[in-house]
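Protein chains in written order, with this note's numbering: chain C, 1 to 276; chain U, 1001 to 1083.
In short, the hints are calculated from the structure, not lab data.
Misleading hints may appear alongside valid ones.
Pairs of lysine-lysine residues, derived as DSBU-like cross-links and limited to a Cα-Cα distance of at most 30 Å, are as follows [unchecked claim]:
#  : chain 1 : residue 1 : chain 2 : residue 2
1  : U       : Lys1002   : C       : Lys217
2  : U       : Lys1002   : C       : Lys268
3  : U       : Lys1051   : C       : Lys217
4  : C       : Lys266    : C       : Lys217
5  : C       : Lys42     : C       : Lys148
6  : U       : Lys1060   : C       : Lys226
7  : C       : Lys197    : U       : Lys1002
8  : C       : Lys269    : U       : Lys1060
9  : U       : Lys1051   : C       : Lys225
10 : U       : Lys1059   : C       : Lys219
11 : U       : Lys1060   : C       : Lys225
12 : C       : Lys148    : C       : Lys247
13 : C       : Lys219    : U       : Lys1051
14 : C       : Lys226    : U       : Lys1046
15 : U       : Lys1060   : C       : Lys266
16 : U       : Lys1002   : C       : Lys225
17 : C       : Lys217    : U       : Lys1060
18 : C       : Lys226    : U       : Lys1002
19 : C       : Lys217    : U       : Lys1046
20 : U       : Lys1046   : U       : Lys1060
Under 10 Å between C-beta atoms, here's a sample of chain C residues computed to sit facing chain U [said to hold, decoys possible]:
#  : residue
21 : His9
22 : Met17
23 : Asp18
24 : Cys25
25 : Pro26
26 : Thr30
27 : Phe34
28 : Ala35
29 : Thr39
30 : Gly65
31 : Ile69
32 : Pro209
33 : Tyr228
34 : Ile232
35 : Val233
36 : Gly236
From the three backbone atoms N, C-alpha and C, an ideal C-beta is built for every residue, glycine too.
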Amino acid sequence: MTENPQNVHPLEDLVRMDRIPHIWCPGCGTGSVFASCLTAMKQTGIPYNQFAMVSGIGCSGRGAGYINIDSFHTTHGRAIPFATGIKMASPDLNVIVFSGDGDLFAIGGNHFIHAARRNMDITVICVNNLTYGMTGGQVAATTPHLAKSSTTTVGNPETPFSLPFLAYASGATYIARWTMLHARDLADSIEEALVHKGFSFIEVLSPCPVNFGRRNKEKPLDTLKKYYENTIVRNGANPAELDIDYKKGVILGKFADIDKPTHDEKYKKMYWPDEK
Amino acid sequence: MKYWRVPLDSHEVQVTRGHVHIIADRCKGCGYCIAYCPREILEFSKAFNAKGYHPPVVKKDDCLNCHYCELLCPEFAIFSIER
Chain C
1 MTENPQNVHP LEDLVRMDRI PHIWCPGCGT GSVFASCLTA MKQTGIPYNQ FAMVSGIGCS
61 GRGAGYINID SFHTTHGRAI PFATGIKMAS PDLNVIVFSG DGDLFAIGGN HFIHAARRNM
121 DITVICVNNL TYGMTGGQVA ATTPHLAKSS TTTVGNPETP FSLPFLAYAS GATYIARWTM
181 LHARDLADSI EEALVHKGFS FIEVLSPCPV NFGRRNKEKP LDTLKKYYEN TIVRNGANPA
241 ELDIDYKKGV ILGKFADIDK PTHDEKYKKM YWPDEK
Chain U
1001 MKYWRVPLDS HEVQVTRGHV HIIADRCKGC GYCIAYCPRE ILEFSKAFNA KGYHPPVVKK
1061 DDCLNCHYCE LLCPEFAIFS IER
């Protein structure tokens, strides 16, 4: 090990270091996604006081508690409504929603589709670990068919959501999917989404070794190997073909980048036409 | 990285070099930096850290300062600085 007189990690100015070590388990990908998100915020060059981070409940919902900017840890599933409120009250802020699949798509599913329909100018980062990690690995709306969970002990009989397709159908204007292993692409994609005007959605696949991997005989490094070997980067792929199936390959990339007037712009034009 | 021949412009190409810094006591031993370092310069140490995990150590001084470990580490426990 090299001796470093300062030993200061470059992201430390964005993290509440008094709360580190964080609660995420060894092998959890949420920390990597969080680091990529912070790196993307640095890359944009926007001052930190023009960001706000909102999280819901869940493992990844802790993100808002660890970031050293204005942040808000909200009630379960209601991260997007709170973010919508922040954006409506101060439209100059870049609002980031950092939350999990259970929070955004199971209990908060309706809020997600309606924010996408309105084209609210917020950035939604969904850490998709395919299960309810914090509560004990119950089956979620994103758990793959036949995968085992604590409530489906012989395999999941249901079909999961395809999150980018759902976002596309609801009217999101920036849609991307990466895994936590594609950290550099992910950081660049989040940077692009932060600058993008309109509803941006990024799904990030992330391992949950304790509550998903353990029941499905997957060590964290096995999951990462799957991300490395069985994923295909195909920008502009048809959103209807984005189901998560490692046998035929999971498609990653940027699927939509559409220019559409945001909710703020339309609202101002109609209700305060004189104001600049 | 292995080449089947020496690249023709190898004498012109400037390669950055880095120093890897490891904050051992933050590590939770997931091994991601060790498995995915493009130059494979890290390995698990024999020693334990304060939490009881084996943090990584640098086994050869070959860092290219790509910052990938820094992005991938969930614990903010490893970073590199250009030298």
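Verification of the hints:
Between Lys1002 of chain U and Lys217 of chain C the alpha-carbon distance is near 34 Å, which puts this suggested pair outside the 30 Å criterion. Proximity of Lys1002 of chain U to Lys268 of chain C is assessed by CA-CA distance (about 59 Å); at most 30 Å being required, the pair is judged violated. As the CA atoms of Lys1051 of chain U and Lys217 of chain C are separated by approximately 26 Å, the hinted pair is consistent with the 30 Å bound. With a C-alpha separation of about 50 Å, the suggested pair Lys266 of chain C and Lys217 of chain C falls outside the 30 Å cut-off, and the hint is violated.
Annotation: proposed proximity of Lys42 of chain C to Lys148 of chain C is violated, straight-line Cα distance about 39 Å (limit 30 Å). Our distance criterion of 30 Å between C-alpha atoms is met by Lys1060 of chain U and Lys226 of chain C, whose separation comes to about 28 Å. As the CA atoms of Lys197 of chain C and Lys1002 of chain U are separated by approximately 44 Å, the hinted pair breaks the 30 Å bound. The straight-line distance between the Cα atoms of Lys269 of chain C and Lys1060 of chain U is roughly 61 Å, outside the 30 Å bound, and the hint therefore fails.
The suggested pairing of Lys1051 of chain U with Lys225 of chain C holds, with an alpha-carbon distance near 27 Å, which does not exceed 30 Å. Between the alpha carbons of Lys1059 of chain U and Lys219 of chain C the distance comes to roughly 25 Å, so the proposed pair stays at or under 30 Å and holds. Using a Cα cut-off of 30 Å, the hinted pair Lys1060 of chain U and Lys225 of chain C holds, with the two alpha carbons roughly 24 Å apart. For the given pair, Lys148 of chain C sits about 17 Å from Lys247 of chain C by alpha-carbon distance, which is consistent with the 30 Å threshold.
With a CA separation close to 21 Å, the supplied pair Lys219 of chain C and Lys1051 of chain U stays within the 30 Å bound. For the hint linking Lys226 of chain C to Lys1046 of chain U, the alpha-carbon distance of about 28 Å falls within 30 Å, and the restraint holds. Note on Lys1060 of chain U and Lys266 of chain C: the hinted pairing is violated, with a Cα-Cα distance of about 58 Å set against a maximum of 30 Å. For the proposed pair Lys1002 of chain U and Lys225 of chain C, the alpha carbon gap of about 21 Å is at most 30 Å, so the pair holds.
Note on Lys217 of chain C and Lys1060 of chain U: the hinted pairing is violated, with a Cα-Cα distance of about 33 Å set against a maximum of 30 Å. Of the supplied pair hints, the one linking Lys226 of chain C and Lys1002 of chain U holds, its CA atoms being roughly 24 Å apart against a limit of 30 Å. A threshold of 30 Å between alpha carbons decides the hint, and for Lys217 of chain C with Lys1046 of chain U the separation of about 27 Å falls inside it, so the pair holds. Using a Cα cut-off of 30 Å, the hinted pair Lys1046 of chain U and Lys1060 of chain U holds, with the two alpha carbons roughly 16 Å apart.
Below 10 Å, beta-carbon pairs count as interface contacts, and His9 of chain C has one with chain U at about 5 Å; its hint therefore holds. The beta carbon of Met17 of chain C is positioned within 10 Å of a beta carbon in chain U (closest approach about 8 Å), and the interface hint is therefore held. The restraint placing Asp18 of chain C at the interface with chain U is violated, with a minimum CB-CB distance near 13 Å, outside the 10 Å limit. Nearest Cβ of chain U to the Cβ of Cys25 of chain C: about 8 Å, under the 10 Å cut. The hint holds.
Taken as an interface hint, Pro26 of chain C checks out: its beta carbon lies about 4 Å from the nearest beta carbon of chain U, inside 10 Å. Hint on Thr30 of chain C holds. Least Cβ distance to chain U is approximately 7 Å, under the 10 Å limit. Checking Phe34 of chain C against chain U by beta carbon gives a least distance of about 7 Å; that is within 10 Å, so the hint holds. Hint status for Ala35 of chain C: holds, given a least beta-carbon distance of 6 Å to chain U, under 10 Å.
At about 6 Å, the closest approach between the beta carbon of Thr39 of chain C and any beta carbon in chain U falls short of 10 Å, and the interface hint on this residue holds. Because the beta carbon of Gly65 of chain C sits about 15 Å from the nearest beta carbon in chain U, more than 10 Å, this interface hint is broken. The beta carbon of Ile69 of chain C is not positioned within 10 Å of any beta carbon in chain U (closest approach about 16 Å), and the interface hint is therefore violated. Hint on Pro209 of chain C holds. Least Cβ distance to chain U is approximately 8 Å, under the 10 Å limit.
Hint status for Tyr228 of chain C: holds, given a least beta-carbon distance of 8 Å to chain U, under 10 Å. At about 19 Å, the closest approach between the beta carbon of Ile232 of chain C and any beta carbon in chain U exceeds 10 Å, and the interface hint on this residue is violated. The closest approach between the C-beta of Val233 of chain C and any C-beta of chain U is roughly 17 Å, which is over the 10 Å cut-off, so the hint fails. Taking 10 Å as the C-beta contact cut-off toward chain U, the hint placing Gly236 of chain C at the interface is violated, the least distance being around 25 Å.
Comparing the model with each earlier hint shows violations of hints 1, 2, 4, 5, 7, 8, 15, 17, 23, 30, 31, 34, 35, 36; every other hint is respected.
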